[in-house]
Each structure stands twice: as C-alpha cells, then as structure tokens.
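Enquirer: Given next are the chains, with one letter for each unit.
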Amino acid sequence: MNFNDYDPGDFYDELFIQQGQPRPEAIPLIERLNALGMEEVLRRQKAAQIALFKMGVTFNVYSDNQGTERILPFDIIPRIVSADDWTILEKGLKQRIYALNKFLADVYSDQKILKDSVIPAEIVYSASGFLKPCMGLQPPEGIWCHITGTDLVRDRNGQWYVLEDNLRCPSGVSYVLENRRVMKSTFPMVFDTMKIQAVEEYPSQLLETLLNLAPDHLSDPTVVVLTPGIYNSAYFEHSFLAQQMGVQLVEGRDLVVTDGYLQMRTTKGLQRVDVIYRRIDDDFIDPKAFRPDSMLGVPGLMEVYRAGKVAIANALGTGVADDKVIYSYVPDMIRYYLGEEAIIPNVPTFLCWEPHQQSHVLANLDKLVVKSAGESGGYGMLVGPHATPAQREEFAQKIKAFPRNYIAQPTLCLSRVPAIIDDQFEGCHVDLRPYILYGKNIFVNPGGLTRVALRRGSLVVNSSQGGGSKDTWVVCKE
Amino acid sequence: MLSRVADSIYWLTRYVERAENVARFVEVNLNLLLDSSSATTQWEPIVLTTGDLPLFRDRYGEATAENVIRFLTFDADYPNSILSCLRIARENARSVRDVISSEMWQQVNSFYLMVTEMAQSGHLSDLATILNFFEEVKLQSHLFAGVMDATMTHNEGWHFGQIGRLIERADKTARILDVKYYILLPSPKDVGSTLDELQWMALLKSASAYEMYRKQGAHRISPMAVAEFLILDREFPRSVRSCITRAERSLHHITGTPVGNWRIPVERSLGRLRSDLDYITIEEIIQQGLHEFLDNLQSRMNEVGDKIFTTFFSLETVA
Numbered sequence: 001m002n003f004n005d006y007d008p009g010d011f012y013d014e015l016f017i018q019q020g021q022p023r024p025e026a027i028p029l030i031e032r033l034n035a036l037g038m039e040e041v042l043r044r045q046k047a048a049q050i051a052l053f054k055m056g057v058t059f060n061v062y063s064d065n066q067g068t069e070r071i072l073p074f075d076i077i078p079r080i081v082s083a084d085d086w087t088i089l090e091k092g093l094k095q096r097i098y099a100l101n102k103f104l105a106d107v108y109s110d111q112k113i114l115k116d117s118v119i120p121a122e123i124v125y126s127a128s129g130f131l132k133p134c135m136g137l138q139p140p141e142g143i144w145c146h147i148t149g150t151d152l153v154r155d156r157n158g159q160w161y162v163l164e165d166n167l168r169c170p171s172g173v174s175y176v177l178e179n180r181r182v183m184k185s186t187f188p189m190v191f192d193t194m195k196i197q198a199v200e201e202y203p204s205q206l207l208e209t210l211l212n213l214a215p216d217h218l219s220d221p222t223v224v225v226l227t228p229g230i231y232n233s234a235y236f237e238h239s240f241l242a243q244q245m246g247v248q249l250v251e252g253r254d255l256v257v258t259d260g261y262l263q264m265r266t267t268k269g270l271q272r273v274d275v276i277y278r279r280i281d282d283d284f285i286d287p288k289a290f291r292p293d294s295m296l297g298v299p300g301l302m303e304v305y306r307a308g309k310v311a312i313a314n315a316l317g318t319g320v321a322d323d324k325v326i327y328s329y330v331p332d333m334i335r336y337y338l339g340e341e342a343i344i345p346n347v348p349t350f351l352c353w354e355p356h357q358q359s360h361v362l363a364n365l366d367k368l369v370v371k372s373a374g375e376s377g378g379y380g381m382l383v384g385p386h387a388t389p390a391q392r393e394e395f396a397q398k399i400k401a402f403p404r405n406y407i408a409q410p411t412l413c414l415s416r417v418p419a420i421i422d423d424q425f426e427g428c429h430v431d432l433r434p435y436i437l438y439g440k441n442i443f444v445n446p447g448g449l450t451r452v453a454l455r456r457g458s459l460v461v462n463s464s465q466g467g468g469s470k471d472t473w474v475v476c477k478e
Numbered sequence: 001m002l003s004r005v006a007d008s009i010y011w012l013t014r015y016v017e018r019a020e021n022v023a024r025f026v027e028v029n030l031n032l033l034l035d036s037s038s039a040t041t042q043w044e045p046i047v048l049t050t051g052d053l054p055l056f057r058d059r060y061g062e063a064t065a066e067n068v069i070r071f072l073t074f075d076a077d078y079p080n081s082i083l084s085c086l087r088i089a090r091e092n093a094r095s096v097r098d099v100i101s102s103e104m105w106q107q108v109n110s111f112y113l114m115v116t117e118m119a120q121s122g123h124l125s126d127l128a129t130i131l132n133f134f135e136e137v138k139l140q141s142h143l144f145a146g147v148m149d150a151t152m153t154h155n156e157g158w159h160f161g162q163i164g165r166l167i168e169r170a171d172k173t174a175r176i177l178d179v180k181y182y183i184l185l186p187s188p189k190d191v192g193s194t195l196d197e198l199q200w201m202a203l204l205k206s207a208s209a210y211e212m213y214r215k216q217g218a219h220r221i222s223p224m225a226v227a228e229f230l231i232l233d234r235e236f237p238r239s240v241r242s243c244i245t246r247a248e249r250s251l252h253h254i255t256g257t258p259v260g261n262w263r264i265p266v267e268r269s270l271g272r273l274r275s276d277l278d279y280i281t282i283e284e285i286i287q288q289g290l291h292e293f294l295d296n297l298q299s300r301m302n303e304v305g306d307k308i309f310t311t312f313f314s315l316e317t318v319a
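If you read the protein sequences in the order shown, they are chains A and B.
If you count the first sequence from 1, position 332 lands on 332 in the numbering used here, and the numbers rise without skipping.
If you count the second sequence from 1, position 272 lands on 272 in the numbering used here, and the numbers rise without skipping.
Next comes chain A alone, as it looks inside the complex:
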C-alpha cells in the first residue's frame, strides 16, 4: 500500500485535500514517502521508536508501582501546518496570552473585570485555582503566566478552535524537541528539500524568560527547575529542560528557607536561589501556605515569594485562569482588556451553573462532551455520543448536584492526519499544543506537540488514555 490508496474520508485531513491529492505544502513529503515504499517506512518507524526508548524519552505510568516508564508512542508521519495558518495562530495565541495575563494581574489586585461584571465574581472565587494568599502579589514585570501550552483543535471544516488553556505546568515540550531530533535522522532528505521552521530555540528562549524574572542587580542569578522527583509522570521532561538550559534540577528536599531567602543545600553549604521554574502544582509548593501534607514543596516559600526575594514561573495562582468555566470568558477578556475580537475562537461552551444552559446540556447529553472544570489530562470527562445511558445518567446527577463544576461542549469532529496503524496508513484524529513563553516579549515556538489518537476512531489524544505524538512541521514563508 502507498499513499495513493489513502482515503481521508469525510474528515478534514491535515495532509490531504482528497484521495490522491495532497495539500500543496505536503507534496514533497508524500512524494518522498511513496518513493521509499511501505516496507522502508515501517522500518524507519520501528527505528525511531527504538531510538526514543534508548534515549530514555519516557513518561512514568502512575498506577504502576514498579516505576515502569514508557515512551509516548511516536508516529513518524508528521503533521504539517502551512505558513499562512501559522501566521494566524501565532498572532491569536499572543493575543490570548496577553489578555490572560492582564486578567491574572487584575483578578489578584483591583478586580476591575469583576466590578464591571464582565465575569461573575462568584465564578472566580469558587474556582479551585483561585488562591486568596496570592492577592496583592506583584510578580516581576507584572507577568503571571510565563509558560503556556494551549490546546488547539480543528473541526470538520478546518476551522481552528482553542480547546483549553494550560497555565499551570503544561507538559510535552520535551517530546517536541526529541521527536524532531529523531525525525531529522528518520527523513533527512525531506528536511533537506522542505523548509521547516526550527524548534530547537525553545530551551534558550525558556532560559531567557526565566532570567528575565531575576532582579536586575544580580549579575549571575541562580535559576532552578523544581520537580516533584523521579516518580512524577513528567520527570523526563523536567530533567531534560534543566539539562538543556544548564541549570540545576532540584527537589523540595534540596531547598530550605533561611534568613528570608530560598536556599539550596550544596556540598559547599547553602546557596541562594533566585528564580524557580516550578513543575509542582500550587497546592503542593508550600505546606505552610497550602496543603500541610505536601512532602514535595518547601515550607516558608510563599513568604519569601511574597517578599519578592524569589521569582516563580508560573506565578502561584495562575491556575484560576485554567478553570474550564473561566476559559469560556477568555473572548470577553480579550474584548475587555485589549478592545479586540479573539483571533482564534473558543469551542462553543455551555455553562451548567446557568439554568438555561444547564437544561440544554441535560437534554443533549448524548451529543455533548461534559468536562469537570478543575481537571485535566482527560480525567473527569463524559463523551456523550460514546457513553452508555447509565454513564450519562451518572453525569446528569453530578451536574445537578454541583453545576459550577461542569461545562459542556459539542463533540467536534477533530481533523485527522494519516498514521501507521497495523502496518497501514489510517486517518487518526489530532490536536495541537503550541508552547508560548512570555518574558520580555511573547515567543511562540513554531508548531508544538501534535497528539494523536492512535486507536481507530478514537477522539481521545491524552497520553494517559492511549494517545501518541507526531512531529509538527511549520512550513517557512516563501
């Protein structure tokens, strides 16, 4: 079989307009793949998987107490984003991050947006990510969210939507970098003929973003990456980023608050830490301020942070903008703070706490996806069309009992990209998570992580639910 037989079907396909007709930007790739032949493509697919395993590009499986690591299944057929599409997405993402940061700064200080009733105050106060102790905080340069991974999807018509914002500790950028490394050795000739935007700038940009947070008078600030440790599912990424930036990877037990500063325990005594890229959730970061049972954080960190003696990326409290109910107000934030319309629309969203919308949701559970407001990673979800009547009834009860906690969205027909399943090309649904850094300027890493549902017909792309990944190629402008 080769690509001539591949039928995109009744879906928006990222590589094909219709059977036998690749999109213009995908032509060199498809030609090359056809020339290689299926056997060779399969061989390279296998080689790429082995390379990732040897490189130890893995994630941990939570439930497994053996500490088993797996590689994120990797498919070597890349997803291609045209230069025109990318120009719009990049602009739209910058606009969104800019507005979200304005919102965070506002909601933890004057709360103008609440006073002007653009967003109902009770929604913000009831969000699990809203942290009272963060009121009045003044993060350096007024930036709260420095690192974002925004999930985008495309529907049957090729329209882009923002699916959700991840403003706490978005994962996956290490796969973007490592997948690219493997892809370059898998298809060097295609890289040679196609102009694809590089992704390797990310670690330097991240370091710049973090250094930007240190007080100006420090000539050589100490930046660290804070990880929960080797059992965390994203541990590989934490160590990878620290290594690529050349900074220390620390755990809570390496840190201590003394003399009003955050310090780390070294072989030569205590050493001051100036900037933390934290990969620990707010609740766990300081047992004195938040969860007293947390073993991962540093007692007293909040006090040092409040005094401005250590900077944290992302700032504590950013999780409030991660809430799925607050997400539905982002277009309003953009209008309110920037006086612009959102360039990338949200997926239409029904809020269950509004009686009208709730009755619509309850009447249409078989057509909608219901998500709980504070969860991520594909947990706490109901995919209506694929659920049993009993599951739908269970969610109906949950929604009635705690309407604030639920939103519903129409089931989008996600766009597809061919992937190798059982030695054949098969259209698989994808989403896209670009990574955005906000330091002196806003930087959007070209492309992002394309997650792919590697089960036939599945719409769920999360790695915890059997998804995999693809390299994402953003074509350079002519």
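Because the hints were derived from the structure by calculation, they are not lab data.
Honestly, I wouldn't trust all of these hints.
Claimed, not checked - Result set (DSS-like, lysine-lysine): computed pairs, CA atoms no more than 27 Å apart in a straight line:
no.	chain 1	residue 1	chain 2	residue 2
1	B	Lys205	B	Lys138
2	A	Lys184	A	Lys195
3	B	Lys138	A	Lys54
4	A	Lys268	B	Lys307
5	A	Lys440	A	Lys477
6	A	Lys477	A	Lys309
To be verified - Here chain A is said to cover these stretches of chain B; the calculated rule only asks that three of the stretch's residues, wherever they fall, bring their Cβ under 8 Å from a Cβ of chain A:
no.	region
7	1-8
8	97-109
Stated by the list, open to error - In silico negatives: residues of chain A with every beta carbon more than 12 Å from chain B:
no.	residue
9	Gln49
10	Tyr125
11	Ser128
12	Gly142
13	Pro331
14	Gly339
15	Gln397
All C-beta atoms in this analysis are idealised placements derived from N, C-alpha and C, irrespective of residue type, glycine included.
The hints should help you fit chain B onto chain A, whose structure is shown.
Expert: Using the frame of chain A, we list chain B on its own:
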C-alpha cells in the same frame, strides 16, 4: 553542586562497580568448577565475601552453585545482587540525568536493560550463557567508566563519582583477599607451605590481576606476594593502595585542600589511611595477621564513607 546530586553520583558509580565485582566473584568460581583438577570448589565463601551469608542461609539454605548464582545475580529482593545494583545505579542516574552526560545515562540504561532481559530469559542453568553474561557485565561496567571519563567534565560531580567507584573497588579487593586467603591459608604459620596454585591464580584473576601480577617483579606465585600485590601495589588499578591514593586525590580536588594537609575530618581519615598504606610492608601486615589487617582496613574505609556522607551529603548538617 547539590548535596543530593553529589550523593547520587557517588552511589551511581559505586553500584556499577559493585555489580562488576559480584560478576567477578562468581565468574572465577565457575571457572574453577570447570577445572577438573580442583575438585573442591566451594560456593559458600563467595557469599561470605559479600558479608551477607546469614541472609543467604535464611533464604536459600544450601550453597549450591545454582543457589549462589541466583542469589548474587538475579535476586530482586537482595539489594546487592547484580540486578539490584543496576536498578539502583540506574535510578540514581535518572535522578541526576541533567548533570551527568547523556552518554553516561544511555550506557547505564542499556546496561540495566541487558541485565533485566537476562534475568527474565531464564537461561540461568545454561553455563555458556551465564559465563557470557558475566563477561558482558564486566565489559559494560568498564564501558560505563570509560564513557564517564571521556564525556563528563572532570568537575566536582565527576570526583564524587571517582570516590564512590574507588572506595567500592578497594573494599571488594580487600574482601576477596580476606576470604580466599583465610580459606587457603588458615593460619600465618602456613605461609610458605604447599599451595594450590590454581586457587591462587583464580584469586588473582577475580581482580583482573593475574597478568599484571606476572609482569611485575615476582613472577612466581606466592601467597605473600599476591597479598602484597593486591594490597600495596602502587600502580595496579585495583590494588587497595592505588584506589585509596586516587580517592584521596579526588577528595582534595573537591575540597581544595592540598594533599598532605587536612582541614576537615574526612581528609584526615583518608590521608592517614593512604599514608599507612604508603609505608607499611607486607611482612608487617602478615605479622599482625592478614585477616586482622584487612578487617581493620575495611572499617577504616567504612569510616571514610560515613564521613563523606556527613560532610557532603547529609541534608541536616549543612552549615
């Protein structure tokens, strides 16, 4: 450097070295078994070498070849089996991946995968496979040391790794000499009696010392000369003295104190030990009793290990 990181690198190299030494112990005994002339191959002394004989007896009972090999190589519940050593080494490497070189990580990772694969394959009873396996373990360990030497900056972390490896190696050389010597020559008055040359050759081989021993001055094999070579040779890389001398150099690289001086207790302990080894003669050692000497040596090395912990790694006592 973070205390935790220094600690992890120290144990990373130490456990890789330990796995290698376990492979050496077993391999040499297996080779003896294959020599029909030495009918009295004993397996219990090998377990005795590890210091874990009581644990072994509890779990396995009789020290047959198969029991001992299973215990020392693939027993996941025994913390010093080759499998466990590699698991701990890899875990340590994983926790400091950002500090060591990727090549080191990849080497310890594939080393670990090789050992787990072997453990799962169930080919334990096949002598050819198992001998091949021990050969491979030694090779992978050397590869790791070589990769580390060639790809990691010789900075503080590297020196901690050196200390871990060298202390472990000195300890194991001392142990194996102690046990073998005791079995072969139960009392000092036996020195000079007829010797089982094959056994002594095996002892040397287990420290990869046979060829080097032959090349240096005393070509003939005599118990005293073997003991002297393994304890006091200045140039042989597995001799106790050579290990201690280099460990001391690494320690002083870390602290910045010139060798021959001391500022902190660990420098004093290690310096004193090195100095004793510089000036003592094998005659003096035999006179005071080889076993007593080696026993004392091991407790002094343990003391050094403890002091390294309290000086550099212990999270509580950092000033």
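Enquirer: Now look at each hint and say whether the structure bears it out.
Expert: Against the structure, the hints come out as follows:
1. Lys205(B) / Lys138(B): holds, 13 Å
2. Lys184(A) / Lys195(A): This hinted pair holds, its Cα atoms lying about 13 Å apart.
3. Lys138(B) / Lys54(A): Distance of about 21 Å is within 27 Å: holds.
4. Lys268(A) / Lys307(B): The given pair, whose Cα atoms are some 15 Å apart, holds under the 27 Å limit.
5. Lys440(A) / Lys477(A): Holds: Lys440(A) and Lys477(A) sit about 25 Å apart, inside 27 Å.
6. Lys477(A) / Lys309(A): violated, 43 Å
7. 1-8: holds (count 6)
8. 97-109: holds (count 7)
9. Gln49: The assertion about Gln49(A) holds, with a minimum of 15 Å to chain B.
10. Tyr125: For Tyr125(A), whose nearest Cβ neighbour in chain B is about 39 Å away, the distance exceeds 12 Å, so it holds.
11. Ser128: Holds: least Cβ distance 31 Å, greater than 12 Å.
12. Gly142: Given a closest Cβ separation of 31 Å, the condition holds.
13. Pro331: holds, 40 Å
14. Gly339: holds, 44 Å
15. Gln397: holds, 44 Å
In this structure, only the earlier hint numbered 6 is contradicted, and the remaining ones agree with it.
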